[in-house]
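Can you make the complete structure from the sequences, with help from the hints?
Protein chains in written order, with my numbering: chain L, 1 to 310; chain G, 1001 to 1251.
There could be a bad hint or two in this list.
Claimed, not checked - Within a straight-line C-alpha distance of at most 20 Å, the following computed PhoX-like cross-link-like pairs (lysine-lysine) qualify:
#, chain 1, residue 1, chain 2, residue 2
1, G, Lys-1052, G, Lys-1079
2, L, Lys-290, L, Lys-246
3, L, Lys-146, L, Lys-167
4, G, Lys-1236, G, Lys-1247
5, L, Lys-193, G, Lys-1076
6, L, Lys-287, G, Lys-1073
7, G, Lys-1236, G, Lys-1073
8, L, Lys-94, L, Lys-121
9, L, Lys-193, G, Lys-1073
10, G, Lys-1079, G, Lys-1222
11, L, Lys-287, L, Lys-305
12, L, Lys-290, L, Lys-305
13, G, Lys-1079, L, Lys-193
14, L, Lys-266, L, Lys-287
15, G, Lys-1035, L, Lys-246
16, G, Lys-1049, G, Lys-1222
17, G, Lys-1035, G, Lys-1116
18, L, Lys-290, G, Lys-1251
19, G, Lys-1247, L, Lys-290
20, L, Lys-266, L, Lys-246
21, L, Lys-146, G, Lys-1052
22, L, Lys-167, G, Lys-1049
23, L, Lys-167, L, Lys-193
24, L, Lys-287, G, Lys-1247
25, L, Lys-121, L, Lys-153
26, G, Lys-1247, L, Lys-246
27, G, Lys-1117, G, Lys-1035
28, L, Lys-287, L, Lys-246
29, L, Lys-246, L, Lys-296
30, G, Lys-1073, G, Lys-1222
31, G, Lys-1251, L, Lys-246
32, G, Lys-1222, G, Lys-1052
33, G, Lys-1076, G, Lys-1222
34, G, Lys-1052, L, Lys-167
35, L, Lys-296, L, Lys-266
36, G, Lys-1251, L, Lys-287
37, G, Lys-1250, L, Lys-290
No lab work stands behind these hints: they were computed from the structure.
Treat the numbers as computed from the prediction; the structure is a model and nothing was measured.
Chain by chain, the residues:
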Amino acid sequence: MAAAAASAAAATAAEDGARLLRLEEQAGHGGGGAWEYLCLARRLRARRPEPVLRLGLALLNDSSARSRLASEQWTLYEQVAVAAMDCQRLDVAKDCIGVLSKQFPGSMRVGRLEALLFEAKGEWTDAERAYALILENNPFDQIVHKRKIAIAKAQGDMALAVEYLNKYLELFMADHDAWRELAETYVALQMYKQAAFCYEELILAQPTVPLYHLAYAEVLYTMGGLENLQTARKYYASTIQLTGGKNTRALFGVCLCSSAINQLTKGRNKEEESSELQSLAAEALLKDYKQRAPSKEALITSLLKNMKLS
Amino acid sequence: MAEELVLDTAIRDWVLVPLSVVMVLIGVLRYFVAKLMRSPSASPSPDPKLVKEGQVVIRARNLRINSQYIPAKAFKSRKVYYTNEENGLLHVPKEEAQKAQAAMFSDPNMAMDMMKKNLSMIVPQTLTFAWVNFFFSGFVAAKIPFPLTPRFRGMLQNGIDLSTVDVSYVSSRSWYFLNLFGLRGLFSLILGEENANDDAQKMMQMGGGFGGNPTMGLAAEKDNLDIIQHDWALPKMEHHAEEVLRKLLKK
Chain L
1 MAAAAASAAA ATAAEDGARL LRLEEQAGHG GGGAWEYLCL ARRLRARRPE PVLRLGLALL
61 NDSSARSRLA SEQWTLYEQV AVAAMDCQRL DVAKDCIGVL SKQFPGSMRV GRLEALLFEA
121 KGEWTDAERA YALILENNPF DQIVHKRKIA IAKAQGDMAL AVEYLNKYLE LFMADHDAWR
181 ELAETYVALQ MYKQAAFCYE ELILAQPTVP LYHLAYAEVL YTMGGLENLQ TARKYYASTI
241 QLTGGKNTRA LFGVCLCSSA INQLTKGRNK EEESSELQSL AAEALLKDYK QRAPSKEALI
301 TSLLKNMKLS
Chain G
1001 MAEELVLDTA IRDWVLVPLS VVMVLIGVLR YFVAKLMRSP SASPSPDPKL VKEGQVVIRA
1061 RNLRINSQYI PAKAFKSRKV YYTNEENGLL HVPKEEAQKA QAAMFSDPNM AMDMMKKNLS
1121 MIVPQTLTFA WVNFFFSGFV AAKIPFPLTP RFRGMLQNGI DLSTVDVSYV SSRSWYFLNL
1181 FGLRGLFSLI LGEENANDDA QKMMQMGGGF GGNPTMGLAA EKDNLDIIQH DWALPKMEHH
1241 AEEVLRKLLK K
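Okay, structure coming up:
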């Protein structure tokens, strides 16, 4: 049931994505539908700043189109401002935010945009002060908390980013995107034990996402040690199961884990039954390479031979 | 009860139609009044403790449901983290639980909120009911075009104590009740989907306000976590993966 629902959701998401691209094409060639495109982009939270900036700005500069949007135009101003900052068109962003702050003086949403503009300019202290001001009024603004983490990251201060993330997760501990960010940050800092914890949390939250299983396996493999390697291979196996054997990384992972385990347990109690998985994975790899990259087949054969798998 | 009752057309013009129109108008008015009363406290800052507890419950539920996907060691450490008796996330000290419950009932703010919400519902209802009762009680106002079993008498002939009248005749007071509860679909057409007139929803909210004590959610989740057995599913995954690969290779 859950799997069916998930696949249905994935199907509609793919459909929406295709529609987004189609509308982008159409609007980009002057075929109309710019507003539909912008609405869809906003709903899907697609990050396509260039077309959004181009089409949105065209709409905003056309006064009759703008008046037709009525109160919707303010949302458009916001959307265009964010897209402009993404494209480093800070002049456009500044104009949009200026219009908005004239329309909604003292609004928190506009305040967020202003702080974002500071960020885009690289004025970190100003941005942080602006965010702190917002947080004073509304300490549960998740977006602002996340922006603060982003500032720390943009400045290259990973330790601070981790600290902020931990503080954030203490409050919003069901936010799996934040867990993912923390996991990736820990991996970047080579703090694998903590990263493994985060990936466990992610697997708990969304056990059907193969990427989390894969990442967890990779962290475990990197940590090394017999027990971790065995666990890693299990998670590589579950990735294979979840992706239907299409994930090359997981296939390689199984091979690498198996050969590492073999090296560690050399001579001593040979692993039973599991040997089949690695030879199967090796075979699947070979077949995959034969089909899609025949020129590299020799490479993979020698690699597998080195691991004594084929 | 064979003979047909003849309903005066004046009843249609002066009772049936006005009553329906008034009910609709009152519903619309109530919607706007409720909106007005709600707007000042549009975004009440959520209690940090409530936010956190809600998130803890979600996370603990994830652990309970998907525990088979993480290694035993990871599960055990998490279980201790959530349920230990000293400072586990799900552990609620007894006195605090009682205090929370007491605060729930004595919090004047909340009572005020509820009063406001109910006021916009109860006052017009009492008024209209009194009005209907005063002017149009005790006579038949309409006839529905299909026969019904006598069990519907209480619903359709409220205010008429005659057992000989056919059940398909509707008394005026019953017409009021039918309108009161039956106009919800019409309101959602007029006022948009999330109109404030959904009485049933309001009742639910009221019930939830008292019953949905967050500390109770924590305690329940803790009990659930305490009893589950960890059964790691991953060893089986290796066999599944083998099967998957075998199938893939055969193709």
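Here is how each hint holds up against the structure:
no., hint, in the structure
1, G/Lys-1052 to G/Lys-1079, "holds, 18 Å"
2, L/Lys-290 to L/Lys-246, "holds, 14 Å"
3, L/Lys-146 to L/Lys-167, "holds, 11 Å"
4, G/Lys-1236 to G/Lys-1247, "holds, 17 Å"
5, L/Lys-193 to G/Lys-1076, "holds, 16 Å"
6, L/Lys-287 to G/Lys-1073, "violated, 37 Å"
7, G/Lys-1236 to G/Lys-1073, "holds, 18 Å"
8, L/Lys-94 to L/Lys-121, "holds, 11 Å"
9, L/Lys-193 to G/Lys-1073, "holds, 13 Å"
10, G/Lys-1079 to G/Lys-1222, "holds, 9 Å"
11, L/Lys-287 to L/Lys-305, "holds, 15 Å"
12, L/Lys-290 to L/Lys-305, "holds, 16 Å"
13, G/Lys-1079 to L/Lys-193, "holds, 18 Å"
14, L/Lys-266 to L/Lys-287, "violated, 29 Å"
15, G/Lys-1035 to L/Lys-246, "violated, 54 Å"
16, G/Lys-1049 to G/Lys-1222, "holds, 17 Å"
17, G/Lys-1035 to G/Lys-1116, "holds, 11 Å"
18, L/Lys-290 to G/Lys-1251, "holds, 14 Å"
19, G/Lys-1247 to L/Lys-290, "holds, 17 Å"
20, L/Lys-266 to L/Lys-246, "violated, 31 Å"
21, L/Lys-146 to G/Lys-1052, "holds, 17 Å"
22, L/Lys-167 to G/Lys-1049, "holds, 15 Å"
23, L/Lys-167 to L/Lys-193, "holds, 19 Å"
24, L/Lys-287 to G/Lys-1247, "holds, 13 Å"
25, L/Lys-121 to L/Lys-153, "holds, 15 Å"
26, G/Lys-1247 to L/Lys-246, "holds, 12 Å"
27, G/Lys-1117 to G/Lys-1035, "holds, 10 Å"
28, L/Lys-287 to L/Lys-246, "holds, 11 Å"
29, L/Lys-246 to L/Lys-296, "holds, 18 Å"
30, G/Lys-1073 to G/Lys-1222, "holds, 19 Å"
31, G/Lys-1251 to L/Lys-246, "holds, 13 Å"
32, G/Lys-1222 to G/Lys-1052, "holds, 15 Å"
33, G/Lys-1076 to G/Lys-1222, "holds, 14 Å"
34, G/Lys-1052 to L/Lys-167, "holds, 12 Å"
35, L/Lys-296 to L/Lys-266, "violated, 30 Å"
36, G/Lys-1251 to L/Lys-287, "holds, 11 Å"
37, G/Lys-1250 to L/Lys-290, "holds, 15 Å"
Going through the hint list in order, the structure does not satisfy hints 6, 14, 15, 20, 35.
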